[in-house]
Amino acid sequence: MKNLLVSSLAFTSGFVIMSLELLGGRLLAPYFGSSIYVWGSVITVFMLALSAGYLTGGWLSLFNPSLKRFSLIFFSSAATLYPLAMITEPVMERVFEAFTDPRWGSLVAALVLFALPTFILGLISPYAVRLLVVNVDRAGNTAGNLYFVSTIGSALGTLATSFYFVLWFQMDTIIFLLSGMLLVLGFVSWMAARSR
Amino acid sequence: MKRSAAMLVTLAALVITSPLQGRIIHREQSLYQTILVDDTGSRRCLQFSVRRDQRNQSCIDLKHPEQMVFTYTQMMMAGLLLAPDPKNILIIGLGGGTLPLALNALLPEALIDIVEIDAVVVRVAEEYFGFQSSEHLQVFETDGRIFTKRAIMRHDQYDLIILDAFNGDYIPEHLMTREYLQETRTLLGSKGTLVANTFSQSRLYDHESVTYASVFGDYFNFKQYPSSNRIILVSMAGLPTVDVLKARATRWRDRLRAYRIPIHNYPDRMSRTIDWDRDARVLTDQYAPANLLRSRNRHR
Chain A
1 MKNLLVSSLA FTSGFVIMSL ELLGGRLLAP YFGSSIYVWG SVITVFMLAL
51 SAGYLTGGWL SLFNPSLKRF SLIFFSSAAT LYPLAMITEP VMERVFEAFT
101 DPRWGSLVAA LVLFALPTFI LGLISPYAVR LLVVNVDRAG NTAGNLYFVS
151 TIGSALGTLA TSFYFVLWFQ MDTIIFLLSG MLLVLGFVSW MAARSR
Chain B
1001 MKRSAAMLVT LAALVITSPL QGRIIHREQS LYQTILVDDT GSRRCLQFSV
1051 RRDQRNQSCI DLKHPEQMVF TYTQMMMAGL LLAPDPKNIL IIGLGGGTLP
1101 LALNALLPEA LIDIVEIDAV VVRVAEEYFG FQSSEHLQVF ETDGRIFTKR
1151 AIMRHDQYDL IILDAFNGDY IPEHLMTREY LQETRTLLGS KGTLVANTFS
1201 QSRLYDHESV TYASVFGDYF NFKQYPSSNR IILVSMAGLP TVDVLKARAT
1251 RWRDRLRAYR IPIHNYPDRM SRTIDWDRDA RVLTDQYAPA NLLRSRNRHR
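Protein chains in written order, with this note's numbering: chain A, 1 to 196; chain B, 1001 to 1300.
Calculated from the structure, these hints are not laboratory results.
Treat the hints loosely; a few may be bogus.
Not everything, but these chain A residues come out facing chain B in the computed CB check (under 7 Å) [what the hints assert, rightly or not]:
#1 A29
#2 P30
#3 G33
#4 S34
#5 S162
#6 V166
#7 L167
#8 M171
#9 A192
Sample of chain B residues with no beta-carbon within 10 Å of chain A, all distances over it, derived [unchecked claim]:
#10 D1061
#11 V1069
#12 K1149
#13 A1213
#14 S1227
#15 K1246
Glycine is no exception: its CB is placed at the ideal position from the N, C-alpha and C atoms.
So that you can see chain A by itself, here it is in the shape it has in the complex:
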């Protein structure tokens, strides 16, 4: 049961990360164009933020790891994702005024907008490994299973967003939905931790 829960949480984090990354490139287009350097900026920021998140998530798992604390990561990722819809315009406007070169402009804007939520989403994977590992012999197997579900989540997040979500919803709505998904899963793991 715990296995299924933690796996679906890892799946969702993978889904949200890639959905957000695709939206990131789109959100920047009105101010910085949609050229390859915009995607370069977005991907760079996501990779940096995720690497910092992995490092920190692994470190956090050293101190009394629990489902309850895990759910707090989800609450905070939902909380940092939700305001994106409100702050993108003013942030991009200021960065646009400060940086004439759209390469640096898009990099700075991506950093300000996406680094924090992506960092928090990066905490999830290593923390999930710690929650599921029972003994050292099976640690690699457990980690492999988790990479599998979270990367499948990433693939589906990419596909769903680029094929369908952009055709059905406003971008703000998609961000709202992603944030809602994280919030709901945070509650589920919070409740699961309490009933234990």
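Given the coordinates of chain A, work out where chain B should sit on it, guided by the hints.
The following block gives chain B in isolation, referenced to the frame of chain A:
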């Protein structure tokens, strides 16, 4: 017997295909697209795709380089009926440079700014299509949306803006949203004219039409056989009457003859009738799946 029949078939195939299959004299991959320059007889074309069924972006007749080969390029000159004497002109999308060169020759005093994102297109236009920038004809190698935002910050204004950024293969979606058109409207001031070369087919036609209407209200919708393009003409000073258009067409008629532009035919074809689905969703920065909508058929 069999062999001669086969030869006949081959020969026939050659005869049939050769006028279509031009000679590719230059091929270059840019950051954004594959650029081909192709010579067929005396016609030289700039293409943005390897696929043969894609329409040519821009062509010139090497024997008569001033003549406009394509109907849609000619149609865009209808902008002169709304802005008879533009002093500042902005063109988004260079292509082969046919349009800016013609406007420069017709209006030597006008200052023309051209925005082209692809540096390779600029170089190819210079090397193969006789395009030359000058004091009155300046090229800016940047994204059209970025240029527009910067121009607003400089408080620039243009009497005539020509939006020709859609080459048919991939649409830059951030140049087809309500917000972008609102920014363009700011550059037009209270009297400017906008000419946009857009699509007349697919579901995108409805979405694009309502998006223009949401920003500009009434506009001229200009379609002409055999072109599959639709030209949108907007005037911030209000649309002129057919009589005014005709009077201006008469004044331009002789000067445009060298370019083979039948401008006197245009006023009657510039329609104000709404022939699109008014319930289609407006394209915005938040909702801009133009390329996906383009692959959908219209409902009606």
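Looking at the structure, which of the earlier hints fail to hold?
-> Hint check: 5, 9 and 12 fail, others pass.
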